Amino acid sequence: MQVYTKPKSIKENSSFTFCSGCDHGLVIKLVAEVIDELNLQENTIAVASSGCSVFLYDFLDVDCIESPHGRACAVATGIKRATKANKNEKFVFTYQGDGDFASIGLGESLHSALRGENITVICINNTNYGMTGGQLGPTTAMGQITTTSPTGRNRAYHGFPIKAAEHIALCDGTAYSARVGVYNIKNIINAKNAIKKAFECQIKGLGYSFVEVLSSCPTNWRLSPSDSHRKIETELTQIYPIKVFKDITND
Amino acid sequence: MNQKELLKGNIAIAKAAVKCGCSCYFGYPITPQSEIGEYLSAAMQERELGYVCAESEIGAINMAIGASSTGAKVLVSSSSCAISLMQEALSYAASDELPIVLVNVMRAGPGQGYIYPSQGDYNQTTVGGGNGDYKIISLAPSNVQECIEMTYKCFYLSQKYRNPVILLLDGLLGQMAESVELAENTYPEIDNSSWVLSGAHNRPSREIHSLEPNQDKLNRHILDLNNKYKKIEEEVTDWEEYMCEDAEYIITAFGSLSRHGKAVCKYFREKGLKFGLFRPKTLYPFPYKRLNELSKNLKGIIDIEMNLGQMLKDIRLAVLSNTKISFVGKPVGDWLKRDELIYAIENVIKEDYASIH
Amino acid sequence: MSYITIDDSKCKSCYLCIDVCPKNLIKKSTHTGKTGECIVEFSDSNNQCIACKQCAMVCPDIAITNVYKE
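Protein chains in written order, with this note's numbering: chain A, 23 to 273; chain B, 102 to 458; chain C, 565 to 634.
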């Protein structure tokens, strides 16, 4: 008996083009599993963004549009409002990196949460700009060495990083905001549950739902995939706690 | 037949958009076009349609990208300096082949400038500020009635050619009220079922993206776009000729300034000088061919604009060395008056000056 | 007998599956894959696989998608 199989919503014969050990593939797989479990494949419009996350449409077998860098939440807002106006409301989620969501696109991201847009955001936080070679991003941790913080992020030169899930939880329009990780089996299961919960919030029409996924970038961190996961578990979770920051279904 | 009503250009555009089935509006306030968003905030809510007071013009135009990808008829309106903020998204929308209607009610620039009348966005509209080989169709109305007709046409052309379309007017026209008829939209509906995102139900999933890592595919895509633009140039180019049949001099002007141009023509005709006016109704595609034909038998062309000669370079490209080209313009402020124009044009055509008096 | 199949064409040699297998049934093979590194192989001569799916869950490249339990 087959007890595990490729999610139906992952395109046949597609191979992830991410670096070895990159968590993007893992998260896309989880998203696909949740889409399958909630039977959303035929009713979904996904929004990919700029950076490594843009390749979503190569792998995920749902209707998908790429947005300009940082504007995924605005594009998703347009899709949701338009399909609702035309009495054919779709399930809409964005798949963004931390630079896309929390740096160049912070205005669009925060305002869509404040408006309580009934969309879901999956944000991959790997603490750097991965696709361009590992530069300092909005989530780069204090002290972290990147190609543009060669002596480590410091207050005087670079200022502080953003904690996206905490900020989003403060918005009145947010129904659900959580930070998860995929650095071990227990957390992979929790991450999938969080994505499912976020998707369900949208299905119920509760408002903006947000899942930040602490993810590895072994290539730019110059660590093996295993060591990258260990770094997340031992270091990053201290700065970016794994936690549900808001869940109105519990209130 | 509909009754005549007194409408401002801005309100006329908003009403026309609703009338031809616009289901989403996204915008951010900026003078002199805010009435469009104000009117539609109520009109769209009443009809349970899409309306968002966006966080910025960048937000607004990207919401339009999203809405358009689902096949909705989308309107975005703004003005000059804020249209600058939308250039990135317009480049994406052109590459993604998304129909979006964008209204630009021009104010004076560069920078923030002010809300004075101006036609300073001709270059921004026809050349564009986004990256890559792309084109945006643009229509320039000269009166409020034409604002209505061209709004219908903008929606039609954007759907037909799957391309963003800009309706370009100056603040004067946006704010000016005229007696107009809100006629029916007679353009046919375009079937978009072959490309819109609607959920992969009973069909393979679809992707809309401009990113293309494969060099050959990217080349093909850009060449395909270019072929579409050639088709647009053949099929969409539109202009008005006023007393051009026997003209010795032709005034070129676009938008509301062309109305002064007509008054000037009449003045010179009364003085015995054969003046005509040529007005491009589409700025892209520009009517190069027709203007070239007309220019062959002229003593001169006088281009008038409320800027420092932005359309002038297209006039030159059209006319080549067929005849002499002069320019009369002013970048900002009160609209060029008929008498100012007459004075300037009389100086331009000195050799015929004696025959006038 | 429980077992898994590994798609050699998709394995990118990240070795995360080696880390999680509770029975140490996955190890580096002598074949190189698409990254130029040795890919992994599954060998279970003593029928120890319990089809716990952890290797499949952690694989970021959907190279392990077929897990069978008998």
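Simulated from the structure, these hints should not be mistaken for lab results.
Heads up, some of the hints might be wrong.
Using C-beta positions, here's what the derived DEER-type ranges look like [said to hold, decoys possible]:
| # | chain 1 | residue 1 | chain 2 | residue 2 | range |
| --- | --- | --- | --- | --- | --- |
| 1 | B | S294 | A | Q260 | 50 to 58 Å |
| 2 | C | K587 | A | Q260 | 47 to 55 Å |
| 3 | A | T271 | B | E147 | 46 to 54 Å |
| 4 | B | N315 | A | E34 | 38 to 46 Å |
| 5 | A | H180 | B | P289 | 52 to 60 Å |
| 6 | C | Y567 | B | E313 | 35 to 43 Å |
| 7 | B | N315 | A | E111 | 48 to 56 Å |
| 8 | B | D234 | C | S573 | 19 to 27 Å |
| 9 | A | R244 | B | E139 | 51 to 59 Å |
| 10 | B | D234 | A | K109 | 46 to 54 Å |
| 11 | B | G230 | A | L245 | 56 to 64 Å |
| 12 | C | G600 | A | E255 | 23 to 31 Å |
| 13 | B | G233 | A | T39 | 22 to 30 Å |
| 14 | B | D234 | C | Y567 | 36 to 44 Å |
None of the values given here were measured: they were computed from a predicted structure.
For every residue, glycine included, the Cβ atom is placed at its ideal position computed from N, Cα and C.
A quick look at each hint next to the structure:
1. Taking 50 to 58 Å as the suggested C-beta distance range, the pair S294 (chain B) and Q260 (chain A) conforms, at roughly 52 Å.
2. Evaluation of the 47 to 55 Å hint for K587 (chain C) and Q260 (chain A) yields a failure: the beta carbon distance comes to about 32 Å.
3. With their beta carbons about 33 Å apart, T271 (chain A) and E147 (chain B) fall outside the hinted range of 46 to 54 Å.
4. For the hinted restraint 38 to 46 Å between N315 (chain B) and E34 (chain A), the CB-CB distance of approximately 20 Å leaves it violated.
5. Checked against the given bound of 52 to 60 Å, the beta carbons of H180 (chain A) and P289 (chain B), roughly 57 Å apart, stay inside it.
6. Distance hint for Y567 (chain C) and E313 (chain B): a CB-CB separation of about 41 Å, consistent with the stated range 35 to 43 Å.
7. Our hint of 48 to 56 Å for N315 (chain B) and E111 (chain A) is violated, since their Cβ atoms are close to 35 Å apart.
8. Checking the proposed 19 to 27 Å range against D234 (chain B) and S573 (chain C) shows it is violated: the Cβ atoms sit about 37 Å from each other.
9. Distance hint check for R244 (chain A) and E139 (chain B): the Cβ-Cβ separation is about 55 Å, which falls inside the suggested range of 51 to 59 Å.
10. Hint check: D234 (chain B) to K109 (chain A), Cβ distance near 38 Å, so the stated range 46 to 54 Å is violated.
11. A hinted range of 56 to 64 Å is violated for the C-beta pair G230 (chain B) and L245 (chain A), which are about 42 Å apart.
12. About 28 Å separates the C-beta atoms of G600 (chain C) and E255 (chain A), a value consistent with the hinted range of 23 to 31 Å.
13. Remark: the range hint 22 to 30 Å for G233 (chain B) to T39 (chain A) is upheld by a beta-carbon distance near 24 Å.
14. Between D234 (chain B) and Y567 (chain C) the CB atoms are about 54 Å apart, so this pair departs from the stated range of 36 to 44 Å.
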